[in-house]
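Per my numbering, the sequence shown runs over residues 371 to 566.
If you're looking for bench data, these hints aren't it; they were derived computationally from the structure. Ideal Cβ placement from N, Cα and C applies to all residues, glycine included. Each hint should be verified, as a subset may be incorrect.
The calculated lysine to aspartate or glutamate pairs, modelled on DMTMM-like cross-linking and capped at a C-alpha distance of 25 Å, are [claimed, not checked]:
(1) 444 / 495
(2) 429 / 441
(3) 486 / 446
(4) 522 / 509
(5) 412 / 400
(6) 452 / 528
(7) 429 / 446
(8) 452 / 477
(9) 458 / 544
(10) 425 / 375
(11) 535 / 506
(12) 480 / 509
(13) 533 / 491
(14) 535 / 495
(15) 458 / 542
(16) 522 / 477
(17) 537 / 469
(18) 522 / 473
(19) 458 / 495
(20) 486 / 469
(21) 452 / 473
(22) 444 / 531
(23) 562 / 463
(24) 537 / 463
(25) 452 / 506
(26) 563 / 463
(27) 486 / 531
(28) 562 / 461
Label-pair restraints from in silico Cβ distances [stated by the list, open to error]:
(29) 479 / 561: 40 to 50 Å
(30) 413 / 371: 15 to 25 Å
(31) 547 / 503: 32 to 42 Å
(32) 518 / 483: 15 to 25 Å
(33) 514 / 535: 17 to 27 Å
(34) 432 / 398: 23 to 33 Å
(35) 503 / 565: 47 to 57 Å
(36) 561 / 526: 34 to 44 Å
(37) 419 / 518: 44 to 54 Å
(38) 431 / 398: 19 to 29 Å
(39) 422 / 485: 25 to 35 Å
(40) 539 / 415: 29 to 39 Å
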Amino acid sequence: FFQIESVNLALNILDEYNLRGNKIRVQRAEFQMRGEYNPALKPKKKKKDKEKLLKMKEKLFDWRPEKLRGERTKNEKVVIIKNLFAPKIFEEEVQLILEYTNDLREECNKCGTVRKVIIYDRHSEGVAQVNMSTPEEADLVIQMMNGRFFGKRQLSADYWDGKTKYKINESETEVQQRLSNWDEFLETDEEKKLST
Numbered sequence: 371f372f373q374i375e376s377v378n379l380a381l382n383i384l385d386e387y388n389l390r391g392n393k394i395r396v397q398r399a400e401f402q403m404r405g406e407y408n409p410a411l412k413p414k415k416k417k418k419d420k421e422k423l424l425k426m427k428e429k430l431f432d433w434r435p436e437k438l439r440g441e442r443t444k445n446e447k448v449v450i451i452k453n454l455f456a457p458k459i460f461e462e463e464v465q466l467i468l469e470y471t472n473d474l475r476e477e478c479n480k481c482g483t484v485r486k487v488i489i490y491d492r493h494s495e496g497v498a499q500v501n502m503s504t505p506e507e508a509d510l511v512i513q514m515m516n517g518r519f520f521g522k523r524q525l526s527a528d529y530w531d532g533k534t535k536y537k538i539n540e541s542e543t544e545v546q547q548r549l550s551n552w553d554e555f556l557e558t559d560e561e562k563k564l565s566t
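Just need the whole structure built from these sequences, with the hints factored in.
As C-alpha cells, then:
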C-alpha cells in the first residue's frame, strides 16, 4: 500500500472477509533482514528523484478529473496552417522565414493573443503552427485562415491533433550542402561589394 493508513484499513475490513465462499486472511507483512545492514551501501535519493516521487504521490491522490466535461483540450489552442509556402523559397531567401512569422503573428493577433508562431521551413506541405491563448481564439484563427489565399496558395487551417510532429531534421549531407551554399552566397556578396 502507498499509505500506512491503508494497511490498517485492509486489516480491519478484509481480514476474515468471505470472498466467493472462502474466508480470506489479511495480516501485516513481516520483513526479515538478510545479512548485515550497511548504511553506506544504501543508495542516496537525489533531490530531483524526491520531487518526482512527490509529484507522483500528489497525482495519485488528486481527486480532480483530468478534464472537466465540456472543457476543451490544450491542443485545441494550437492551429496548424498548411500550404503557406514552398520550402525551396527559404533556401534562396532565408529572411523570408522571419517575414512569414511576423506576418502570421500580426494577422492572428486580430483574433486574440498569439503565444507562439513556428514555421516548419523544411516541411513539404508548407506548415506553420500558431499557438493561441484560448481554444476560442484558435476557432477564430481557423475561421479566418481556412480556405484563404496567400500569394496564390490556398491555405488550410485546423486544430493540431496533439500527436503529429511537423519538424523535419536535416541529414548530414543537407547540413553540408546548406553550409556550402551559405559560404558561396557570402563570397558572391563580398565580391559584389568590392566591385562597386
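Do the hints match the structure? See the list:
no.	hint	in the structure
1	444 / 495	24 Å, holds
2	429 / 441	20 Å, holds
3	486 / 446	14 Å, holds
4	522 / 509	24 Å, holds
5	412 / 400	21 Å, holds
6	452 / 528	9 Å, holds
7	429 / 446	24 Å, holds
8	452 / 477	16 Å, holds
9	458 / 544	13 Å, holds
10	425 / 375	20 Å, holds
11	535 / 506	23 Å, holds
12	480 / 509	12 Å, holds
13	533 / 491	19 Å, holds
14	535 / 495	13 Å, holds
15	458 / 542	18 Å, holds
16	522 / 477	17 Å, holds
17	537 / 469	19 Å, holds
18	522 / 473	16 Å, holds
19	458 / 495	11 Å, holds
20	486 / 469	14 Å, holds
21	452 / 473	15 Å, holds
22	444 / 531	10 Å, holds
23	562 / 463	17 Å, holds
24	537 / 463	20 Å, holds
25	452 / 506	20 Å, holds
26	563 / 463	19 Å, holds
27	486 / 531	17 Å, holds
28	562 / 461	20 Å, holds
29	479 / 561: 40 to 50 Å	41 Å, holds
30	413 / 371: 15 to 25 Å	23 Å, holds
31	547 / 503: 32 to 42 Å	39 Å, holds
32	518 / 483: 15 to 25 Å	21 Å, holds
33	514 / 535: 17 to 27 Å	25 Å, holds
34	432 / 398: 23 to 33 Å	28 Å, holds
35	503 / 565: 47 to 57 Å	51 Å, holds
36	561 / 526: 34 to 44 Å	43 Å, holds
37	419 / 518: 44 to 54 Å	50 Å, holds
38	431 / 398: 19 to 29 Å	23 Å, holds
39	422 / 485: 25 to 35 Å	27 Å, holds
40	539 / 415: 29 to 39 Å	36 Å, holds
When held up to the earlier numbered hints, the structure conflicts with none and fits them all.
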